Structure formats: structure tokens, C-alpha cells
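Asks: The primary structure of each chain is shown beneath.
There are 4 protein chains.
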Amino acid sequence: MRTGVWLMGVRGSVATTSIVGALALRAGLTGPTGCVTELPELRGPALPAFTDLVVGGHDVAATPLTKRAEALAAAGVLPGRLVDALTDELAGVEEALRPAPVGGTQAERAAAVVHDLTDFRRRHGLDRVVVVNVSATEPAAVPHPAHLDPTALRDALAGPEEVLPASSLYAYAAFTAGCPYVDFTPSTGARLPALAALAAERGLPYAGNDGKTGETLVKSVLAPMFAMRHLAVRSWSGVNLLGGGDGATLAEPAANAAKVSSKQRVLAETLGYVPQGGTRIEHVEELGDFKTAWDLVTFAGFLGTGMRMEFTWHGCDSALAAPLVLDLARLTAAAHAAGRRGPLAELAFFFKDPLDARSHGLAEQWVTLRDFVAELHFGSADDQAR
Amino acid sequence: MRTGVWLMGVRGSVATTSIVGALALRAGLTGPTGCVTELPELRGPALPAFTDLVVGGHDVAATPLTKRAEALAAAGVLPGRLVDALTDELAGVEEALRPAPVGGTQAERAAAVVHDLTDFRRRHGLDRVVVVNVSATEPAAVPHPAHLDPTALRDALAGPEEVLPASSLYAYAAFTAGCPYVDFTPSTGARLPALAALAAERGLPYAGNDGKTGETLVKSVLAPMFAMRHLAVRSWSGVNLLGGGDGATLAEPAANAAKVSSKQRVLAETLGYVPQGGTRIEHVEELGDFKTAWDLVTFAGFLGTGMRMEFTWHGCDSALAAPLVLDLARLTAAAHAAGRRGPLAELAFFFKDPLDARSHGLAEQWVTLRDFVAELHFGSADDQAR
Amino acid sequence: MRTGVWLMGVRGSVATTSIVGALALRAGLTGPTGCVTELPELRGPALPAFTDLVVGGHDVAATPLTKRAEALAAAGVLPGRLVDALTDELAGVEEALRPAPVGGTQAERAAAVVHDLTDFRRRHGLDRVVVVNVSATEPAAVPHPAHLDPTALRDALAGPEEVLPASSLYAYAAFTAGCPYVDFTPSTGARLPALAALAAERGLPYAGNDGKTGETLVKSVLAPMFAMRHLAVRSWSGVNLLGGGDGATLAEPAANAAKVSSKQRVLAETLGYVPQGGTRIEHVEELGDFKTAWDLVTFAGFLGTGMRMEFTWHGCDSALAAPLVLDLARLTAAAHAAGRRGPLAELAFFFKDPLDARSHGLAEQWVTLRDFVAELHFGSADDQAR
Amino acid sequence: MRTGVWLMGVRGSVATTSIVGALALRAGLTGPTGCVTELPELRGPALPAFTDLVVGGHDVAATPLTKRAEALAAAGVLPGRLVDALTDELAGVEEALRPAPVGGTQAERAAAVVHDLTDFRRRHGLDRVVVVNVSATEPAAVPHPAHLDPTALRDALAGPEEVLPASSLYAYAAFTAGCPYVDFTPSTGARLPALAALAAERGLPYAGNDGKTGETLVKSVLAPMFAMRHLAVRSWSGVNLLGGGDGATLAEPAANAAKVSSKQRVLAETLGYVPQGGTRIEHVEELGDFKTAWDLVTFAGFLGTGMRMEFTWHGCDSALAAPLVLDLARLTAAAHAAGRRGPLAELAFFFKDPLDARSHGLAEQWVTLRDFVAELHFGSADDQAR
Ligand SMILES: NC(=O)c1ccc[n+]([C@@H]2O[C@H](COP(=O)([O-])OP(=O)(O)OC[C@H]3O[C@@H](n4cnc5c(N)ncnc54)[C@H](O)[C@@H]3O)[C@@H](O)[C@H]2O)c1
Ligand SMILES: NC(=O)c1ccc[n+]([C@@H]2O[C@H](COP(=O)([O-])OP(=O)(O)OC[C@H]3O[C@@H](n4cnc5c(N)ncnc54)[C@H](O)[C@@H]3O)[C@@H](O)[C@H]2O)c1
Ligand SMILES: NC(=O)c1ccc[n+]([C@@H]2O[C@H](COP(=O)([O-])OP(=O)(O)OC[C@H]3O[C@@H](n4cnc5c(N)ncnc54)[C@H](O)[C@@H]3O)[C@@H](O)[C@H]2O)c1
Ligand SMILES: NC(=O)c1ccc[n+]([C@@H]2O[C@H](COP(=O)([O-])OP(=O)(O)OC[C@H]3O[C@@H](n4cnc5c(N)ncnc54)[C@H](O)[C@@H]3O)[C@@H](O)[C@H]2O)c1
Ligand code: NA
Ligand code: NA
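Chains as they are written, first to last, in the numbering used here: chain E, 1 to 386; chain A, 387 to 772; chain L, 773 to 1158; chain P, 1159 to 1544.
Read the hints as simulated data drawn from the structure, not as lab findings. Among the clues, some could well be false.
Unchecked claim - Taking CB as the label site, the calculated pair distances span:
1) Asp1242(P) / Arg358(E): 54 to 60 angstroms
2) Ala799(L) / Arg280(E): 31 to 37 angstroms
3) Arg815(L) / Gly1186(P): 52 to 58 angstroms
4) Ala1409(P) / Pro253(E): 47 to 53 angstroms
Remember, predicted model here, so these are calculated numbers, not experimental data. Cβ atoms here follow ideal geometry from the backbone N, Cα and C, with glycine treated the same way.
Just chain E, same shape as in the assembly (with noise of 0.2 angstroms):
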């Protein structure tokens, strides 16, 4: 099953890791830490194996590749040794990437990228192509009367109007382009009735949104574990610092609350209230790649007694997404070679604000994930009984 993997934000940090580690993977130079398709609970037939990964990308930069890979191993996210031993496979990725689309109608553009996907798909012999995003945060997106309807998107994108966030355009392209999608990031992407619409039309599913790598992915433990101790959170209040390019984005306070906002939905859900307190994210840009997140909580046991906790988590950002970008990729393939269509809410473990989602807390999230990924590899339950 030859997979194509299309990066939306392709020369960015989190995308040139994927990168870096998919070509890795699949010369054996490294292990699959960090990969989650690969624990033996969800490892089997349904995936595509890294060898049959094929990655491209659009970018608005053009900085090469290979460059902003150094560039990650000098702030050491990446092994330098990698880097020196891929040149030949990165510059044969760097092929296969094409600038983003500017200039003239959003429709124009849209389909240039449905042109880059198709070409992608056939030049290469591709079973399918799932579109990743992974492009910079975009403001919280304007509303509009055309998000709602497949018929008046088409009709206002051909206009001179700026209907469409980039990721939601790109979401329109891959679905137009007979894509499934991937939102990684807090971005509107795919969430629009009009889009939703589109890709039940042309069956194909989509997944999304906001990669949960840190804090939030600890949120997703803790608060459970609060609840199913019937302690009362009284605040839980927390920082992160990061550098990096998605730093300085997010310290544009449009992207920040978008972020924000997707951080603290885990605690209204899992705890059934909402604690005092609020997230905050601060651009230090000497912190690099390397995000610090520091929480508090406080909480009430038995009779009233105050207690607190806090932690401190020092993590390489774009580190623990790569891997599961590969994951979703591979998830999403076999979903789309299985059939399904529409958002894929098994998917809730990767995100922060997962579509759909049945359940915040991380250990729901995965046995749904862990019982979906079964279903794909030997059918379900009432399949193999037949």
C-alpha cells in the first residue's frame, strides 16, 4: 500500500523531523520510539510500513530542507549523524516539494494544490495521499455565510473574498482532491459544515485537531486521575515557555488564544467543572525547541483538606510530534483504504481538541484507539464472526 504523506507547512520544525525520521525509519538508522503504531498493541497488516511512506509538501518558505534540518540538530533535536548519513534522501524529498500557492483567487489557488496533489499521487504510483497540516497557527477563523454549504463555498472562493483560513483551503483542496486530511494543529481547518459536507460527499475521512504533545498531554492523565479519586480541583494554573517558530507565532495573541483555549477544554471534560486558573503560553526564544511547562494544582481531599501538586515538563516540542504525524498519516490511510469517511473520532488520543471525542481522558481515548486499530487490521467483531 504505497502512501503518499503531503505536509502542509512542509519545511517547518515539526514537518522536517517527520521528514528526518520517516527516511530514518525506513534505512533502519533508528528505532521506533515515540512511534505509537509500532507498540505491539497496535502494530499489523492494516498500516502501511514506513517503507511504502512517500513524503512532499507545500511551504510559503523556501529555505531547503537540509538546512533546516542542521539547523534542528545543532539545537539538538535531531542527531547531527542523521542528517549527514540522509543527505541523498532528503534532497530526493526536496523534489517533491512545491512553494504554497499565492497570489490570484483562493479557488485559483485551491486548485493548484489539488493540481500538486494529483501530480504527487500519479508520478509516484501512489495508493492515496493524506494531507498532514502542519503549518503555522492561524487566528481563530472570521465567520462566514459560505462555511456552511459545499455550493456557496465553491461560488465565494472564485470571488476576490479571503473566505477560507489557509487550512481550511488546504482541507478543501484535499478533499477536492480525493485526500483524506490531518489537522496537527489548532487551526480551523476541516471544522466547517461546508467541508464536513464535502467530505461525506466524496467519502473520505479526516482527523483532527492539535497534536497533543506536553502539557496538555499530562492534563489528559492527571485530571482523570483526580476525578476517579473524587478529589476536588480547586485551580489547576499553568505556563509554557517556548521559542522556536511556533513560539514567536503564538505570541501573537490571536494564535495564543486559539491555543489556549484548545489546552484547557481536557479539564472542563474530564472533571465535569471548570477549576480556577488559566494557561498561558510565553515566547522565550532562547528556550528553542525546548518547551517548559510548569503547572499548579490545587485541590481538596477529604474533609476539606488543601493539597497541591505541581510538575514541570521539559519537552522537545517537535520531537514528540513527529512521530505521531507518521501515525496519523498511517491511521488515516488504512481508515480511508477500510472505508470510513467523515471525522475519525477514534483518533481523540493524538489531539487536544479532537473531533468528535467521546472522551478527554487519555486512557479512553486509548482503548477506543487500541479497539479501532483491530477493527482495521482483522475486521470487526461481527466481520470475523461472518
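Starting from the structure of chain E, add chains A, L and P with the ligands where the hints point.
Replies: Showing chains A, L and P with the ligands alone in chain E's frame:
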């Protein structure tokens, strides 16, 4: 269903907090924060109501309960106003307390305990009495051939030798008196073949060991998080600083060793390998009943990138333990009423070192517990089908 | 030397804690922990004894002092038994409190304050009255031409305009009444040329600004440590989570800005450069008077190797501030008695944003303070030589 | 002033980092971050320039210096590019290294060291050679009567007994060869009456013990902060997690004890009392040269209110130690040139367990150091007056 709760170590911090809490709940003076059995998912008809609980117990110390309660209030473990409001009720419980038997052979001491239990059950017209061990942690037991067989044990106890540690003698007496037994401590308790055989013979359930209230509770959600994300934990080091009676006991190397080994199992069991590092318990008298635990976790992600997490837990041990003691008494009573016998593996959720546990991950233990309690309330799926 | 201490904001947390503490010290019910002037290095004849202090003050609120003290006891700031033991004494202080004047021109309000101060001094037969501002933090003052000159100021105050922020009006009234003035807050207070001139004219000393009690205190020893070791601090980021009245005030952006800038000066001053990162103050009501500050410092050592330090400070702000209020009143009274006038740069040890400070490092400030106090007690080296 | 720096333990992490750093500074490839003697307050004519330093040393191990340097680069302690750029210079130093003498009597081994030192001085035309001990920490020395007197010592060394630990034998050899001696380790070194007498006899200065680089450095500013604020420290507990060669050595109980006692003195000395709690050192191999120390301080403020502070220090020990080794060599050389003899108490700033220290507070030690260095540069106030 009038249910006796007989506490071994009834004048200790955990016991006193449990008693004040049970009385306060009965009197409607407090809410059920921290009581797992009062969560919507677990509440139901099979569990004895708080108003159906009657408390008694043994202790080697003689400090009046009220005095212990006042000391705990001064230390911030309990609200002082509760102790004031419950003076009469506490005096009532005081009457039900008995000195732990000393002197004579172990058989004679066991008989004295059996007598006290039987007397308590009869005097208060109780349907059953659950014995819960919350006495001081013992050193690991010295192996003895009589531990293997009930008949040999009975004979050996009649001799002059100290065959059993106190916790196991209490389990023996409980079973002999027809009482289920719960061990909240890391001591040996019912974990001897001879006692397992005795419980089976008498058709009695039992549960343990070592209530999971702080650092290990957190580990039981964080370690599965790392495992589910396929992150490689390289080291996990912890230190527990605590004062109080339990802190003083655990400063003894032998008791310390028992506790520490009980605290480390969760890592090996949930990760599938043993990371570097260890756990320390240090007695710092001035910290009193508030324990501070600090853990450092270093881990590797994709392509070997090193990352780290640390957390500080500042909890009041007795306030965390007391509601669980009440939960365990209610659940074990209901299991007994439902005819369950032998080790209650379904109560693993509550313990650091659970009997016959299938999982050490908190979320899986929760699912097991929830299903178990649903069965107690409404019968098994099979029963319901009938 | 009978000394009056007149507190602006006398019903606030800091003031109430100062009052209970002063009464408790006078009555011998507590020790001088936290009182810098009771250290062996500073104790001596020039300072008024605790038994010589008489407290009064203004507030815009009318909550009885005893009620505030009880609330602070319930919150764990004060021992409840002290409040009980000092009921009569607190009632005595209550009689000396006056409502902060409202309405009329600022000149009229200033006159009312002058009247209250003069009356207090006369009625209690005091040698002097030190006015200490511990009222709520104000937004930064709006510049006004009359701030530059005492005569212009006097004229402007008589008009309908609000020329001065409350803190500066209090400084004006204090100086007019012949009283030294201490500003424990980040508000403008005496920091206007017109007020400096007035103090000089009347021969009065004054001190400020913004008591140094928590995160900044720690910074004032850690930043010099990095400097003395020639380590390059790359970023220093902090967050302060606090509830209480002060927390609510500081949640207002304008007051927050005043406080934050006062907190950051220490880095620039002791390091000689400004590292990346900033400080945040967040209001989390449930934390009450206990503040949690968390700071992350990243730094480079030899050959550029990156390292990091983080600290969590969990302090009770009012308990940290109150003894310093008493220290400042005693020291300023002694300075006045010794004929000192103008800004007391030697008291920089106590402040986040010290007037005319030569150093922001705590240790150097300590040496300056010690020498200053020695001179108050025993005269200058010159005096002694004579 | 051509100055030799002879390192005992020259192939260890600290030594290798010092050597690479010295070469890089000489070659202008790096800046003096971390070098205290390069601060504006200390710089001056009396200190040998980096270009005047020549390095040699002994080690029991034979691993080539370049190999050690490469390992340190791989571990992130050193920039790899420096090692590459300095290949030739490192080879040059390699030639000046000698195996630590083994076998024979201690007198014979001492003579071999003396020979190597003399040869080094002569061959490189050095004005003087400072011997710095950076070899592995030893267990506490066993007392011996010959430790009290130089003559007895000389006799005993000629016998078959192991009279001195290696560090003291090195001090003995250094003094015999007319070299000043610095002990950067917690080992015994020059701290024996017989060696003090020998140094006095030969007119040689010496300094030590145990470089202050991490947790103790922080303690040496935080403990005075609590003292200056009259806050009562109730407990101070710490844990040090470290890998590397030093970590492995310190995992030995005897070496651990030597180090821990050296780490705790600062509290007793600066607070005037010993708070509860202790310090632990744990070996966690995977942490390598980066050490994580965590400390919890509980303290009482005004009216007994309890508060707490915790800090985490994540430092690279060798990167912190290496510039201090260079500082100490330069300072001790200048002191020797100025005719100083005996213990250099003025260098207390650099040590956990300083010889003859008047103060353990870092700020006071800084003032002492600054004045001492000013005197070295410009002569004493008396000299200047003359
Ligand atoms: N790293 C994580 O842990 C993590 C977790 C969750 C979500 N995310 C999200 O992933 C995204 C990527 O993060 P990153 O660290 O790689 O950021 P980055 O800034 O390094 O990379 C973003 C890339 O997107 C490109 N880009 C910007 N606008 C574009 C457009 N309209 N079309 C195509 N390309 C565009 C940029 O040129 C850049 O190369 C962000 O939205 C981030 O919020 C990251
Ligand atoms: N508090 C927690 O979070 C927690 C968690 C897990 C386990 N535990 C365990 O619970 C137990 C009780 O803890 P605590 O804090 O109440 O300790 P504690 O020291 O306050 O109380 C122990 C009581 O046991 C009594 N005792 C000692 N030996 C006895 C004997 N042979 N027979 C009867 N009574 C005896 C003592 O007199 C004392 O009153 C300990 O074993 C502890 O390890 C506590
Ligand atoms: N607690 C600390 O550690 C600390 C440290 C530095 C500075 N401070 C400053 O001390 C001040 C007091 O802090 P707090 O915690 O007691 O606050 P608080 O809110 O408890 O008390 C402030 C009091 O000032 C009164 N007030 C407000 N405006 C007034 C006015 N115009 N005239 C007279 N009274 C007025 C209020 O009614 C209230 O009683 C704040 O400005 C705070 O920033 C406190
Ligand atoms: N790194 C720091 O921050 C720091 C701070 C204070 C003290 N120290 C002390 O510095 C010393 C060196 O630390 P390190 O990290 O370089 O350790 P390391 O283990 O890397 O190096 C020690 C070296 O000493 C050599 N050695 C052992 N015994 C010897 C002997 N008898 N003669 C000659 N050489 C011998 C070893 O072969 C090794 O090369 C230790 O004693 C340590 O406690 C280090
Ligand atoms: Na912390
Ligand atoms: Na921390």
C-alpha cells in the same frame, strides 16, 4: 445492612481521620470528597450506607481518640470544628475500642481478638464486620514452614514461638471469626499460603496491600502515559519526605525497604522494563502529616532526543487515606454479602501492591473496579440475562 | 521614644497582620521571627521598643479589625489563638482608626488627614508618627505639571482636579503634618519632585517603594550569584499566582504593570544586562493569601554549555510583609530622631524598587543597612572618634 | 609569568574540560563565561594570562585526552567543534601527561611525582607550577600518628604502610617540589598538621576544599537570605542525582559521606543552627555529567506561619567546575608570587568546605575575594600609602 468496621491501629492518624470522617458523613457535616464509592459511577444499593457503619478497633497505644483528633486538627489534617461538633460521637466510638492483646502465646492473642470481634458483632447487631489493618508498617516477615499450611499454622501458634507478624495474626483472627480482612499497609497481612487457605475454607474475601495515596498514585497514571506514547523512560528517581508516626516508622530501614519495594512495582509492571533510579523515604519530623514527594523522570523520544519531567506532590497522607479506608470497608462488605471469597483482585485500584492484580495502570484498574461494583449492585450480565 | 505608626490601608491584610503582630510582641505572646530589626546585628538603643509603638490608620473600607483578623486566622495567616487573646487590645486600636477622607477637593482631604495625624500624635503624647502606606496598589500616576513644584502643587490641590494619586496625597499630608513617610507599595507615593522638595523643606526622611517579600527577594540573591560566578543568564521567566485582596487589585492590568516593572529591575541592576523572559502576576482567588511564584532561569556556563534552574516559592505574603512594616516604622522613626532627611537609600534592603539605591543585591543592601543602623545606635565613626 | 598547572586526575571530566577550555581561551575560540577572574572586579596585572598557562598532570587511567574530550562533546558538556579545532593543541598537552606512579613505598611514589613536577617546570621554563587535585573523591582518611608531624611523616612514608591517602601524598609531593597546592575535591589533601607544617616551612600557599559548583552554591546565597530576614528555617532536605565518573565514585558510601558532610556545613555556619533534613547523593548513570539537585526548604515567618520553597538545579558539573580550576590556578600562582604562605582563606568563595573560612555566605566571601585580589594587583592599602 449494618456493617462493622474494625480498625487495627485504631488510634493512628489514618484510623482517627477515618473515624472522624465517617461520623461527620453520618451526621451530614461534610461531603464525600475523596470517597470513591460516592462517585456517580460507583454509587448504588449494594454498598452499606455511611449511617450503617459502626466503628471499633484495637491499638497497642492508649491515647484517647479525641486527643488524637485534636492533634490532627492542630496539624491542619482535620477541621477543628468537626472535632468539637462530634465530641459525643467520638466518646461513643472510644467505648468500642479495645487494647491490642499482648503477652501469652500467639494462639491466645488470636483468641482474644476473635473474642473482641465476635462480641462487637453481637453487641451492635451487625450483619458482618470487616477488619481493616491500618497499624504501623512492620519489617518484612521472616519465612516459617507453618506459613504454608493452616493446620501447621494452628499448631505453631499454640507454641511459644512468634510465628506470625502482627498483621498476619490479625488476618488469622479475622478469618477465624468469620470476618473479611483488608490490609491498607505494606505488611504481610493475609499474604501467606496458610491464610489464603483459611480464607478459602471459611468463604471469606480479603483485599490489599498498601493504600495508594500519593507518589505511587501519580506514577500509576504517568507511567502508562509514557508507555502509551511509546516514549522510553530512562530514569525515574523519587524522594518522599514525611513526618508523622508513619514517617518515623518508615525511617527504620526494614520498614522502609518493605514500603519502597511496594512503591516501585508500578514502573516495572506498566512500562515492561525497569528504568534507572530509585525511591527514597526520608523522615523529616517537622513536615508532620503533610508529605512532599518529588520525582524526576528522564525519557527519550523520537530519534533518541532526551527530555525530562519532574513533579512535586504535597499531600496530606491521612486525608488521602481515610476515605479509601471507608471505601474498602464498604466494598469488601458488599463483596462478602455477594458471596465472594479469596483475594479481591478487582480492588487493585486502591493499592500500591495489589493482590493478584492484572494491571498496575490506574485507568485499567478503574474500569475493573467500575465493572465489579456494577455487578455487586445489579448482578452480572449473566444474572441479568436470566 | 513613644512612636506612632499610622497605616494607610489599615484594614487590609498586611496592616491587620502588622497590628496583631505588634500587639502580640508587646504582650510577649510571640517571638520576633521575621523582624529584621530584632537580629543581633541590628538590635540596639536607637530603635523604639515594641512597647513604645502606638498604631492608628486610615482606610476606605469599614470592616472591623477583629473581623479581618479572624478571616486571616481562618486562612492560616495568623494563629487564631492570638486573635482571641488580643480581643481587648484590638478593640483599643479600632478606636484609633479613622475613615479615609472622601469628597471635597484634594486640599480638603489632605487637611483632614493632617488633622487626624496631629490629633493622633497629641492624644497619645507621641514623639513622632511614621506614616506607612499599605493600601491597595494604584495604577501608574498620570503626569501633571504641578508634580514638579511644591507651590504649584499646593495651588493645584485646591482646585477641582484630581492632581495626585491617593498615595502621593498621603505623602503630601504626612510631610505637611511633620511626619516621615514610608511607602510599602509600588504606587507613586513620595516619588514626585514636589514632594521631595516638601520633605527637604520640612526636614523629613522617607522610604520606599514596594516591600520585597517573595520572588523578588529570592531574585535579589540569585541574580548576584550568577553575576559573581560570571555565568550568563539567558532567560529568566516567572509567574506569580496569588489570591487575596492584593491579588484582585493586581489582576487589573494597570496595577499589574506597575508591580511587574518593579519586580524586574533587580535583574537589570544586578546582572548588568536584561535577560529574555518576563514576569506575570495572575489572580487565582482560591490561593488566598498564600502566593506561589515559579521562576525558570536558563544560563550558559563555560564554553557555552546550557543549564537551568527553577524555583517555587510558596509564601504567605502578609506574614512576610508585616514584620517589615514594623521594622520600617522603627528604622524611619530612629532616622527622623537622628535628624535624617530626604530619601533613606540605606533601607533598600526592604524594597523591590528602592529609592536612590546603590545596589539591588541583597547582601550589599544588608551591609549598608547594618552600617546605617550601627550609626543610629552608636553615632558615626567620626562621632565616635570625637 | 609563565605558570604551570599540574592536574592530578588529568584525564577526568573536570580536568579535560579545564584543558579544552584553557586551550580555547588561549586560541581566542571562546569567551571567559564562568571564569570569575575575568570579571571586571577581579581582572588585573597580578594574574598570569591564559596564554601564560601550561598544563600537565597525572592520572591512574590512560585514556587519551582527545578521546575523553570527544566523549564529553558527545554528552553535550563541550562543543564538538572546539575539540576538532584543538586537535594539535590537545596532542601537545597529551605529551606533558604522566602516569600516576604506582607500586613501591609511598616515599618512592612521592619522589616520582616530585621528579615529574620538577621536570615539567624545567622543561617548559615555568616560573612556578600550581598542583590542582581533581582526581576521584576518596573515602575519609584513617587517622595515623605520623599525620601530626613532618618528620614522623617522612619516616613513615619510607615504610611499607599506606600512611597517606593519595590526595595527601600529592600535597606532600607538591610541597616537597616547592609547588603551591589546590584541592578541588572533598578528599583530605593538605588538611593534616604535618602537611600544614611542611607548607609553612617551604613558604607555600595552598587552598581547598571541594569546589562549590551546584546545590551548595545556591545554598550559600539562600541560607544567608533566610538569616538576614530573620526567617526560621525548619527543614532543608536535598537530593542530588548524578551520573558520570564522579557520580559512580560518590555512590560508594564512604565517598558519599565525605561529600555530604562537606555540603551541609554551609547551613549550620550561615544560619547559626542546624535545621532538620539531610542531603542525599544518588548515582543515576543515565544523567551523565548533567546533575539534577532538588531541595525543599520549609520555614516559619512572623507569628509562626509556615511556608516553603523548593528549587531544582540542572547543571553540568564539569562545565561549572572547569573555569574555577583555572581561576584557582591563576589566583594561587599570584598569591605565591606575592609571597603568601599557608591556607588561602580568602579563596573560600570557591569551596564547599573552605579552609579557615570566616564566612560561608557567598556574598561575604565575594567581598573578601575582591579585596584580596585588589591587594594582589595593587598592593595593600599600607603598601599604597608607602
Ligand atoms: N510541536 C508540537 O508539539 C505541536 C503540537 C501541536 C500542534 N503543533 C502545531 O504544528 C504546527 C507546526 O509547528 P512547528 O513547530 O513546526 O512550527 P514552525 O513555525 O517551525 O513551522 C511552520 C511552517 O509552516 C509554514 N507556513 C506558514 N504558513 C503557511 C501556509 N499558509 N502554507 C504553507 N506553509 C505555511 C512556515 O513557513 C513554516 O515552515 C503549528 O501550528 C503548531 O501549533 C505543534
Ligand atoms: N496515610 C497514607 O497515605 C497511607 C498510605 C498507605 C499505607 N499507609 C499505612 O497505614 C498505616 C497507618 O499509618 P498512620 O499514618 O495512621 O500511622 P500511625 O503511626 O499514625 O498509626 C499507626 C497506629 O498503629 C498502632 N499500632 C502499632 N503496632 C500495632 C499493633 N501491633 N497492633 C495494633 N496497633 C498497632 C500504633 O499505636 C498507632 O496508633 C501505616 O502502616 C502506613 O504505612 C498509610
Ligand atoms: N503582602 C506583601 O507581601 C506585599 C509586598 C509588597 C507590597 N505590598 C503592597 O501592600 C499593599 C497592601 O497589600 P494587602 O495584601 O494588605 O492588600 P489588601 O487589599 O488586603 O489591603 C489594602 C487595603 O487598602 C485599603 N485602601 C484601598 N484604597 C485606599 C485608599 N485610597 N485609602 C486608604 N485605604 C485604601 C483597602 O480598603 C484595603 O483595606 C498593596 O499595595 C501591596 O501591593 C504587599
Ligand atoms: N564537577 C564538579 O562540579 C565538582 C565539584 C566539586 C568537586 N569535584 C571533584 O572533582 C573531582 C573530579 O571530578 P570528575 O567529575 O572529573 O571525576 P572523574 O571521575 O571524571 O575524574 C577523576 C579522574 O581521577 C583519576 N584518578 C582516580 N584516582 C586517581 C589517583 N589516585 N591519582 C591520579 N588520578 C586519579 C581517574 O582516573 C579519573 O580520570 C572529584 O573528586 C569531584 O568530587 C567536582
Ligand atoms: Na518544583
Ligand atoms: Na520543580
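Asks: All the hints need checking, so say for each whether the structure fits it.
Replies: Now the hints, each set against the structure:
1. Asp1242(P) / Arg358(E): 54 to 60 angstroms: holds, 55 angstroms
2. Ala799(L) / Arg280(E): 31 to 37 angstroms: Once the Cβ atoms are compared, 45 angstroms apart, the range 31 to 37 angstroms for Arg280(E) and Ala799(L) is violated.
3. Arg815(L) / Gly1186(P): 52 to 58 angstroms: holds, 54 angstroms
4. Ala1409(P) / Pro253(E): 47 to 53 angstroms: holds, 50 angstroms
Violation of the numbered hints given earlier is confined to hint 2; every other hint is satisfied by the structure.
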